[in-house]
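J.: Counting along the sequence shown from 1, when you hit position 127 you're at 376 in our numbering, and nothing is skipped either side.
Don't read these hints as lab results, they were simulated from the structure. Just so you know, not all the hints are guaranteed correct.
Straight-line distance between alpha carbons at most 30 Å, and here's what the computed DSBU-like set of lysine-lysine pairs gives [stated by the list, open to error]: (1) K387 - K477; (2) K408 - K387; (3) K397 - K408; (4) K605 - K518.
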Amino acid sequence: MSSSVRVRVRDLVRGQPNVCSSLAMQTQSHTTTDRHGYSLRFSPFEANHMLLATSQLYGLAGGGSLFLLAKNSTKDAQLSINEQNITELCRLEWSDGLFDVAWCPYAADIAATASGDGSLQIWSGLDVESVVTEQTPKEPLICLQEHKNEIYSLDWGEKWNYHTLLSASWDCTLKLWDCNRQNSITTFVGHNDLIYCAKYSPLIANLFASVSTDGHLNLWNSLDFAGKPLMSIEAHASEALSCDWSHFDRNVLLTGGSDGLIRGWDLRKMRTHIFELYSGEFAVRRLACSPHSATVLASANYDFTTRIWDLATGVSAQEINAQHTEFVCGLDWNPQRAHELADCGWDSVVNVYTPKCLT
């Protein structure tokens with residue numbers, strides 16, 4: 250979606266009432282003044298820590314900031330954390346907007362970010378000890394740059410390939426990187442428009458999926474150095490902006506589009522979707538399948554809501570949380586706390602909560 254279209258849709262949505270909101274729930278929040286949220290991730294090592302990737306001016310211009318945040322229940326008493334809010338432990342700056350972030354799966358203090366200048370950054374010192382002793386480097390360890398346009402998605406290699414990074418760009422390509430090399434291993438070509446999201450399967454080695462504004466869902470083998478898709482299907486008649494894999498069924502993945510639809514797909518019968526959820530008039534920007542329940546997922550939407558779905562109960566959202574006043578862009582389940590969810594958006598607000606329908 251172009252910058253002008255993003256702004257126009259945002260203005261249209263601002264005039265729409267919130268048709269539903271969740272029951273009162275306990276929410277911890279944090280505001281990043283003048284920085285607009287695009288992506289966040291809970292640490293796989295420390296249950297109370299998360300990373301937030303942000304941009305100035307809604308990502309249309311200016312720089313970006315990476316925040317290391319801690320929930321109030323952290324045991325790091327020496328940081329004098331306010332028990333009423335999420336605390337900012339560390340902030341790192343980049344010269345262009347940051348659109349995605351991912352923790353390294355084998356090192357507790359390392360993470361990667363994706364930027365609007367077409368580069369990937371690998372940061373270190375993202376742990377309490379480094380923060381307290383002021384040893385967190387202000388510059389990234391490595392900067393990887395080959396993409397010609399914005400990188401909107403990155404994913405660290407699955408458990409079979411922890412040393413690799415996958416990037417998806419608005420230059421219509423995906424690239425596979427080895428963290429020990431400066432140049433990419435493979436460039437994957439198969440989409441005809443901007444690529445918004447690419448994700449490794451958590452259950453099938455070397456398989457990843459990608460979605461694009463060409464409406465297609467592509468499947469790839471990361472070991473195929475020819476860089477061509479295994480399969481390409483039209484997942485949505487309009488732009489496809491998000492995808493995610495089930496953590497429980499190796500054959501199931503989901504896509505979300507600007508048509509407001511969430512579609513489920515089965516690798517064994519890809520001719521048509523196996524289910525469809527309607528998430529409202531505006532785009533589904535991000536999807537997150539729960540790591541705690543095979544039937545639960547969450548969606549971040551351009552109607553300023555985060556929706557919680559349970560496929561076991563039907564095709565209607567179980568909960569619609571209207572806690573944002575701008576596009577909701579980032580979404581993640583805490584892998585170490587059952588049903589704890591975080592979201593962030595263009596309103597500069599981060600929320601952490603357990604959906605009422607899951608308590």
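J.: Does each hint hold? Answer for all of them.
T.: Against the structure, the hints:
no.: 1; hint: K387 - K477; in the structure: violated, 38 Å
no.: 2; hint: K408 - K387; in the structure: holds, 29 Å
no.: 3; hint: K397 - K408; in the structure: holds, 29 Å
no.: 4; hint: K605 - K518; in the structure: violated, 35 Å
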